[in-house]
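Undergrad: Each chain is listed here by its residues.
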Amino acid sequence: MSENPAEVTQLLQDWSHGDPAALERLMPFVFDDLRQMARRYFLRESAGHTLQPTALVSEVYLRLQGQREIQWQNREQFFAVTALLMRRILVDYAKGRHTQKRGEGVVKVPLEKAFNLAEAQHLDLAALDDALSRLALLDPRQSRIVELRFFTGLKHEEIAELLGISVTTVKREWNTARLWLHRELSGP
Amino acid sequence: MKTVTPERWQQVKTVLDGALERRRAERDAYLAEACRGDDELRGEVESLLASEEVLGDFIEEPLFDLHREERAGEAAPAAGDRIEAYRIVREIGHGGMGTVYLAERAEGQFEGRFALKIIRRGMDTDEVVERFRAERRILTRLDHPNIARVLDGGSTADGRPFFVMEHVEGRPLDEFCDAEGLSIPARLGLFLEVCSAVHFAHQNLVVHRDLKPANILVTRAGAPKLLDFGISKILDPDRTEPELTVLGRRAMTPLWASPEQLRGEQVTTASDVYVLGALLYLLLTGRSAYGAPPMEGEALFRSVCDVDPQRPSEVAGPARRLLAGDLDNIVLKAMHKEPPRRYASAEQLAADVQRHLEGLPVLARPDTAWYRVGKFARRHRWGVGVAALALVAIVGFSVAMTQLWRQAVREKVRAEAVSTFLKEAFEIPDPSRSKGETVTAREVLDQGTARISKDLQDQPELRATLMDTMGQVYRGLGLFESARPLQEESLAIRRSLFGNRDLRVAESLQNLAVLRREMGEDAAAEPLLQEALEIQRREGATETLDHAKALNDLAALLEAKGKLDAAEVLYREALDLKVRLLGREHEDVARSLKNLGGVRHAKRDYAGAERYYLEALALRRKLLGADHPEVAATLSNLAVLYEDRGDLAGAEDTYREVVEMRRKLLGSTHPRLARSLSNLASFLREKRGDLKGAEPLLREALAIAAVSLGPQHPDRAVYLRNLASVLLDQGRAAEAEPLAREAVAVLRQASPTSWRVADAESVLGGSLAAEGRFAEAEPLLVGAVEALAKEPEIDARKVEEAQARVAALYRAWGRPAPGRSPSSKERGPA
Numbered sequence: 000m001s002e003n004p005a006e007v008t009q010l011l012q013d014w015s016h017g018d019p020a021a022l023e024r025l026m027p028f029v030f031d032d033l034r035q036m037a038r039r040y041f042l043r044e045s046a047g048h049t050l051q052p053t054a055l056v057s058e059v060y061l062r063l064q065g066q067r068e069i070q071w072q073n074r075e076q077f078f079a080v081t082a083l084l085m086r087r088i089l090v091d092y093a094k095g096r097h098t099q100k101r102g103e104g105v106v107k108v109p110l111e112k113a114f115n116l117a118e119a120q121h122l123d124l125a126a127l128d129d130a131l132s133r134l135a136l137l138d139p140r141q142s143r144i145v146e147l148r149f150f151t152g153l154k155h156e157e158i159a160e161l162l163g164i165s166v167t168t169v170k171r172e173w174n175t176a177r178l179w180l181h182r183e184l185s186g187p
Numbered sequence: 000m001k002t003v004t005p006e007r008w009q010q011v012k013t014v015l016d017g018a019l020e021r022r023r024a025e026r027d028a029y030l031a032e033a034c035r036g037d038d039e040l041r042g043e044v045e046s047l048l049a050s051e052e053v054l055g056d057f058i059e060e061p062l063f064d065l066h067r068e069e070r071a072g073e074a075a076p077a078a079g080d081r082i083e084a085y086r087i088v089r090e091i092g093h094g095g096m097g098t099v100y101l102a103e104r105a106e107g108q109f110e111g112r113f114a115l116k117i118i119r120r121g122m123d124t125d126e127v128v129e130r131f132r133a134e135r136r137i138l139t140r141l142d143h144p145n146i147a148r149v150l151d152g153g154s155t156a157d158g159r160p161f162f163v164m165e166h167v168e169g170r171p172l173d174e175f176c177d178a179e180g181l182s183i184p185a186r187l188g189l190f191l192e193v194c195s196a197v198h199f200a201h202q203n204l205v206v207h208r209d210l211k212p213a214n215i216l217v218t219r220a221g222a223p224k225l226l227d228f229g230i231s232k233i234l235d236p237d238r239t240e241p242e243l244t245v246l247g248r249r250a251m252t253p254l255w256a257s258p259e260q261l262r263g264e265q266v267t268t269a270s271d272v273y274v275l276g277a278l279l280y281l282l283l284t285g286r287s288a289y290g291a292p293p294m295e296g297e298a299l300f301r302s303v304c305d306v307d308p309q310r311p312s313e314v315a316g317p318a319r320r321l322l323a324g325d326l327d328n329i330v331l332k333a334m335h336k337e338p339p340r341r342y343a344s345a346e347q348l349a350a351d352v353q354r355h356l357e358g359l360p361v362l363a364r365p366d367t368a369w370y371r372v373g374k375f376a377r378r379h380r381w382g383v384g385v386a387a388l389a390l391v392a393i394v395g396f397s398v399a400m401t402q403l404w405r406q407a408v409r410e411k412v413r414a415e416a417v418s419t420f421l422k423e424a425f426e427i428p429d430p431s432r433s434k435g436e437t438v439t440a441r442e443v444l445d446q447g448t449a450r451i452s453k454d455l456q457d458q459p460e461l462r463a464t465l466m467d468t469m470g471q472v473y474r475g476l477g478l479f480e481s482a483r484p485l486q487e488e489s490l491a492i493r494r495s496l497f498g499n500r501d502l503r504v505a506e507s508l509q510n511l512a513v514l515r516r517e518m519g520e521d522a523a524a525e526p527l528l529q530e531a532l533e534i535q536r537r538e539g540a541t542e543t544l545d546h547a548k549a550l551n552d553l554a555a556l557l558e559a560k561g562k563l564d565a566a567e568v569l570y571r572e573a574l575d576l577k578v579r580l581l582g583r584e585h586e587d588v589a590r591s592l593k594n595l596g597g598v599r600h601a602k603r604d605y606a607g608a609e610r611y612y613l614e615a616l617a618l619r620r621k622l623l624g625a626d627h628p629e630v631a632a633t634l635s636n637l638a639v640l641y642e643d644r645g646d647l648a649g650a651e652d653t654y655r656e657v658v659e660m661r662r663k664l665l666g667s668t669h670p671r672l673a674r675s676l677s678n679l680a681s682f683l684r685e686k687r688g689d690l691k692g693a694e695p696l697l698r699e700a701l702a703i704a705a706v707s708l709g710p711q712h713p714d715r716a717v718y719l720r721n722l723a724s725v726l727l728d729q730g731r732a733a734e735a736e737p738l739a740r741e742a743v744a745v746l747r748q749a750s751p752t753s754w755r756v757a758d759a760e761s762v763l764g765g766s767l768a769a770e771g772r773f774a775e776a777e778p779l780l781v782g783a784v785e786a787l788a789k790e791p792e793i794d795a796r797k798v799e800e801a802q803a804r805v806a807a808l809y810r811a812w813g814r815p816a817p818g819r820s821p822s823s824k825e826r827g828p829a
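These protein sequence lines are chains A and B, in that order. FYI, numbering that gives the first Met the number 0 numbers position 33 of the first sequence as 32, with every residue one higher than the one before it. FYI, numbering that gives the first Met the number 0 numbers position 580 of the second sequence as 579, with every residue one higher than the one before it.
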């Protein structure tokens, strides 16, 4: 948890000024928070319960969105934001790593693991990000589904529940999106 | 990229979805229909589909998983736990790769239980996950009645992969055979089903690599099911996988591994053929090919790689007599140490077993003396040289040696000509060699046929045998025009070689007769059969299954000609002969009983027919289990009988039983299920007037046909026509019209000379008339009646229905029917 909000705030500022190392150090806090919230939502939640975001996630979100106050309306919104957040974080991180060597002494956090995974899959995260944005113009919901699954690991059933659509629809959208994205990424 | 609008993308997605749901072979037809003329749409979809091949695991693994580390420490799933859409019922077993649970759907109306397999904790390394992924992708493509189907897959909350497969309740193959005290032929029958499953997998480029009795369960209905393609892998030549052999070594079960597998060499379909041989060994002798006590390590390795197993007949005990000869040779050929000397495919192994069951000569021959000498020489190059010199010095060119040499050469030439031919003809479908090209069975056959004529010019006897075999294969595929010249030439060659009185000539005559009959040329088939029977009688070969078959085939011809009494006599003769040869409890006997029932049915002796049908049914249930396609077929006959007899309640129950059995046996997308649904629907409509009940059945039949038969199949057209007629009877003409129109279009294309075209036109005309489009309806309706009335075989009710529609037309139109008095045979509007 965010035991030291001052440090977190500083890290966020550094990150927004283009220091990828700051992001890396920020991650343990972010991940813990997100996980805990996810657990509340999916594992022990009482339905219809409105949650107040923890300070950290809220701050990250504010940074990203440039907004003042956040009141999580529902868990769909929470996960949508989380997914978007993860996407931005990971893509930023990936871009940073192209230009800069890994910082020394940096804690190995899940972010590192996630990035290694992308690398092992020969995945160009920046290109995927672009393609996903193009897909959002064609079909916002489909793009959202990819985001939820790929950047937060939600299951088809969970996505279906969140978006209020059937599991079959999620699977169909996922399958066609994969084909489309793959073609976009392997295009000339 | 192309400019695709959001609207257009929705359209692309819809067509793409449809294509993804279909099998590859059906996609072209589907795309042609779905895109109808819109080349740009089709191009876009095809360009996306092209990605499918190279998609792999693209973005399948989430980069960040909120669930993953959260639950890593939790215990294995317990009863009641949910895993995605499933609920654990209990644990049912451990495997090398993980734990299998009995599971059911957590919610929803889906009945049924599944086996849910979770990769073992502590083993979820990337390697296992990768292997599992391979399994999941492959298995969803393997749809075969003897393969436990994989239905779903995913990952558990803690990130371990799992998959859901058909839950098979049964006993391991060897245990089942022993517990049921199965005879050798019954064991062979089960083995043939296993071969067919393995061959099917091979055709889909999947090698099992871990076949063993524990992976083959036999259900209570007596059907073997292959489980656990745990280490199977597509042998994709485009992908280099250096770890393949390493994996193979680590994951296989040593007692059930081929020599090349133990040596860590390339694993191919031939490895599965080897294990099938080892399996057959076990089934026939009750012990493994390498001795009863479990061997391990180096000893086992040496046995499998270097020591020839004892002949099954030498270790079989009481069954010895049955195994010596053919079965010994078949098992040892399948288990040959050198992959190229095994059967070229599981199907060929099965074909040889089948030939043995039918009393035909098998292809397997023991290794000749010269082969063994050669092998020995290769292994002990120097020793042989010395020994050979010594031998020559001592014995010289004795007469015995010369004879041995001649015999060896003769045998060798024949056996090798056959095996070389088969190997080269069927080389391509071996997944390890197909280099991504798709080769149809047809191409392989055509290539093989060309080789027969070319390469076997100087071996007419062999040529005739192979032509006969290939002819039967073509016939089995429905390629009658290709089969016919082969069968005819085989007959001609045999006549010239053996004269007109030889049993081999009779064999050719019989096969050609079956072919001509299937081509609808009964008149040509009859004299062929008469001649075959004549030869068999003259040669004293009347106590044979071939004779029984010829009697049966001739009876069927006579039955079709309406000579029911003569047919019954022959059927009876065939039945008695089969009972003498095979005993009472045999599937062939059941078939004869069913045929006799059919004759009585045609004679309207309903009580007699029922007796035979019930006898056939009881026998099949006993032999095959309560749920079996043949049992369903017999029930189907009974249902028609009950309907004809006026026992509507009995008929309905039986029709429904057939539908449910087929659904259970064949899955929910099998064409035969569609046909049963349509039969039940026709019955409900015609005999019960239950239009509401008929409609959903036909819609289901149509959905199945669209998936499994394709849009242009005549069966689909018939279901369209039937649904249209049900809708029309309910006064829903506007809905009926497009369906009937499509039925007409498909039938005109697929079977232009059939009465079914007119039958569908009548329904279309009826729809148009009901919509008030009288002028359009008239030529269709009148033409249909004329065409249908000319058909001699047609069900009178069809004609009456068509006539009623004509009458209804003129009544609604307010015109007198031309050429007929308006009062003649009218019915109310439909």
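Think of the hints as simulated: they come from the structure by calculation, not from any bench. Keep in mind that a hint or two might mislead.
Claimed, not checked - Partial list, computed: chain A residues near chain B (C-beta under 8 angstroms):
#1 L83
#2 F149
#3 F150
#4 T151
#5 R182
All values derive from a computational prediction rather than experimental measurement. Note that CB positions come from ideal geometry on N, CA and C, so glycine has one too.
Undergrad: Are the hints correct? Go through all of them and say.
TA: Verification of the supplied hints:
| no. | hint | result |
| --- | --- | --- |
| 1 | L83 | violated, 12 angstroms |
| 2 | F149 | holds, 5 angstroms |
| 3 | F150 | holds, 6 angstroms |
| 4 | T151 | holds, 5 angstroms |
| 5 | R182 | holds, 5 angstroms |
Violated hint: 1 only; the structure is consistent with all others.
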